[in-house]
Amino acid sequence: MKLKKLAAILVALAIVCSLAACGKTPGNKPEEPGTDTRAINVCLASEPDTIDPALNSAVDGATMLAHLFSGLAKWAQDDSGKLVIVPDAAQELTEGVENEDGTVTYTYTLRDGMKWSDGKDVTAGDFAFAWQRAASTSLAADYGYMFEVVDGYEAIWETDDQENYVNPDAKLNVKAVDDKTLEVTLANAVPYWNELLAFPTYFPVREDVVANEAWATDPATYVCNGLYKMKAWEHNSLITIEKNENHPDAAEVTMDTINFYLSDDANNQLSNFKNGDWALIDDVPTNEIETLKKEYPDEFFNVGQIGTYYVCWNVNENILPEGSNLTGVEAENAKAEIRKAVSLLLDRNYIIDSIAQGGQIPASSFVAMGMTDADGSEFYKNTGVSDQFVGYFDASAEALEANFASAMETLKKYYDFDEATGKLTNFPSLVYLYNTNEGHKAIGEYIQSALANVGIPMSMENQEWATFLNTRKAGDYSVARNGWVADYNDPICFLDMWVTASGNNDIQFGKGDHADVAAYSLDLTPYGYDIKVEEGTWAETYDVLISTIKSCTDNTVRYKLMHVAEDMLMATGCITPIYYYTDLYMLDSSVQGFFSNPLGYKYFMYCTYKAG
Amino acid sequence: MNSKMLLYIGKRIVLAIFTIWVVITVTFFVMHAVPGGPFVGEKATTPAVQAAMEAKYGLDKPLMVQYGTYLKDIVTKFDFGPSLKQRGRMVIDIISDGMRTSMKLGLLAAISSAIVGIVLGAIAALRRNKLIDRIVMVLTTAFVSMPSFIMGSLLLVLFAIKLQLLPANGSTSAGLVLPIVTLALYPMAYITRLTRSSMLDVLGQDYIRTARAKGVSGPRIIFGHALKNSLIPVLTYFGPMLAYIVTGSLVVEQIFAVPGIGRAFVSSITNRDYPMIMGTTIILAALIVIMNLVTDILYKVVDPRITLE
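Chains A and B, in that order, are what the protein sequence lines are. The first sequence runs 853 to 1464 under the working numbering. The second sequence runs 22 to 330 under the working numbering.
Calculated directly from the structure, the hints in this document are not laboratory data. Take these hints with a grain of salt, some might be off.
[Stated by the list, open to error] Pairs of lysine-lysine residues, derived as BS3-like cross-links and limited to a Cα-Cα distance of at most 27 Å, are as follows:
#1 1412/A to 64/B
#2 183/B to 1146/A
#3 1402/A to 64/B
#4 183/B to 1145/A
#5 64/B to 1023/A
#6 183/B to 1462/A
#7 82/B to 1325/A
#8 64/B to 1293/A
All chains, full assembly: derive it from the sequences and hints.
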């Protein structure tokens, strides 16, 4: 029958057409992993906002920059596998010389043979230019404040009442003595100076290159001085970098090509890892973590990261029962005691084991695990009030019952308690603010139920990310989810954000009604300072303490002062630490020679594949 | 083309420009009314840095002034400005990168869905209630009712992870196969069903019976008379479908990490990247308006009985 024949022809035609449609995409096949032993495919995140070293403020961008640029110093692994800061473009990391006015001058000599990817020599002038640019008001870089330790920074950003810059010609105190010699003067000695030199904001750029504002968006104009140079960039899709043969250390590099695939979808990343296309993925879907740990025990990694997940309380929120006759300092102290009691009601081990599931560590302090103290020990282990546990309370599972009992004892002092139901009856309603995300929501819901259990009513409110940041910053909340990851290994990263004027002062210390609350004391006489304040405001105590720390040149004293600052902060109860962050990633078991640093930067240059 | 039709097209173009102006205006003011800003992050920059950034991009000026400048730049220079998030890149470049990928994806998906859909629909209609019709109907019902995120995930697991035939990311050309299939399945199924019912309707018409009675051959009846007339509903569907499909499917782009315009659009909103939001909205709105216009004109070409008012 004719129709049948026609149908057969049509079906055949349809198949051919649809195949042709697919086939039209000219095929460059996906690289099969293992076939090219000198290339590695990785995925850190989606398209970086920028890979201009001065403008970057993201961890994925920093990882790329650490491959593309050589600063004066860099992170490396020593023979025992320990992470250390070593000289990179500098011949050595010299000691500073203290001047009469207390400033400290460092002089660096550049190594021979350092070249830009277009063949020109790297000069001390390039560093001086790059630093002036990164700290300038005209660039207004997010991380420009990384230069606040350098003499001259404050003058640059000083404004008058009309917000006009007072010193438009101010510069950082850094200069190129000659092509090989760079001289920089710091306002005072800082212990983490060498680490700053390894930070991308301190990487050099060349004046004629960055004159083109779009230089960092196109491989053709992207001139860098590191172990790698940019080969190709398909926006939102793939950045390919290849070994820079001109670099003096090029011989040590074992991975010729690194393909940074750009995707922010954790499920997509996992698919590409599972089918073997990508050797490292920096994100995994939360609900897959348990399965992945079991299925890929050798490829699932969970490493420490210097950050803390916490809940913050708006210091101005009234949480006292209606009709309470406490006012002023008494009210503030009561609120602090209540907030700390509420914190003790939470089971952090449950949150980690059943909700977050990323192998995080229960937190009992704000300054995160991983920060080092003056003597090289861990800062968080030296905090707190007791020898029995680490931190400001005992966050272990065993202490849960005792914590609960002591919390209830405190709460009963301030609120009515109904013995029959075992609940408080007049705790004012709280609202828990979080940004739209399954993980944050689940943790919020747990907190909600833990508080409801003792009669504390709390409702949940979620907001989209940018709105959330705005609301939290403005202080239009009672309790909010929060998190902080440090920029460098120094506890000050966690402490200076709480001064009154800080843009990250979400708790609103020293703002609104809290500005006049004189509930704090500060005594720095034991540390050799003539500072003693009793019943002072936040600005008179904490702000003073932080500026003292910033100008302190004795490292041991400086760290002691930072412990004092954290004690003050935790005494307010406004921070309820939940856990210390960990960095989850998956790495193909055939890859060797990979390492990452506490800031989350990942290093692929010395990777190789295991034979077979 | 007669003058009446030209007049109609002229009127429609004026209307289209008006529509786009309304879209620009509403988006502009709503976007600025939403809390948050482009320079807000987990780690706050100092107020001085914020102010310096805002001054750099003219965001410190009154809103009406910004609106005026924006309209002027669009109309006189077709300048969408720089992206506030991807420092150093122009909005128009980001959009054209994304559109190129989305268009490629969308066009291939639309064409293959139309070809396969029409053919399958015609076969099903001609073999009504036979086994092949049943199979086609069951499959198309399944494809129409399955959301693309499920379909995409299924295809991904099967072809990329289990069989490892195709890559799971859309950054290579081979990687576009799965997203194209995912995108095409729904319209393909829909077009199949449309063609089938419309064809059945046409096959029952008097003129077909007349043609049969006059002894016209089977294929000539189908291709010469039935198919052409049964394509009008398909066309109605195809125009707007094409517009939506080429303007990027967020879901499919997300699942397969395809660097298309859909993803760029959504992330621009999350980032409060104002010029990016405006640029993508305008381009997408313009595309949809134009596709609708083209579809209306095509009706006239296919069916002279339709009068354009």
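Going down the list of hints, with the structure as the test:
1. 1412/A to 64/B: This hinted pair holds, its Cα atoms lying about 26 Å apart.
2. 183/B to 1146/A: Cα-Cα ~19 Å, so holds.
3. 1402/A to 64/B: holds (20 Å)
4. 183/B to 1145/A: Roughly 20 Å between the alpha carbons, so the hint for residue 183/B and residue 1145/A holds.
5. 64/B to 1023/A: holds (25 Å)
6. 183/B to 1462/A: Within the cut-off at roughly 24 Å; holds.
7. 82/B to 1325/A: holds (23 Å)
8. 64/B to 1293/A: Cα-Cα ~21 Å, so holds.
In the structure shown, no violation is registered for any of the earlier numbered hints.
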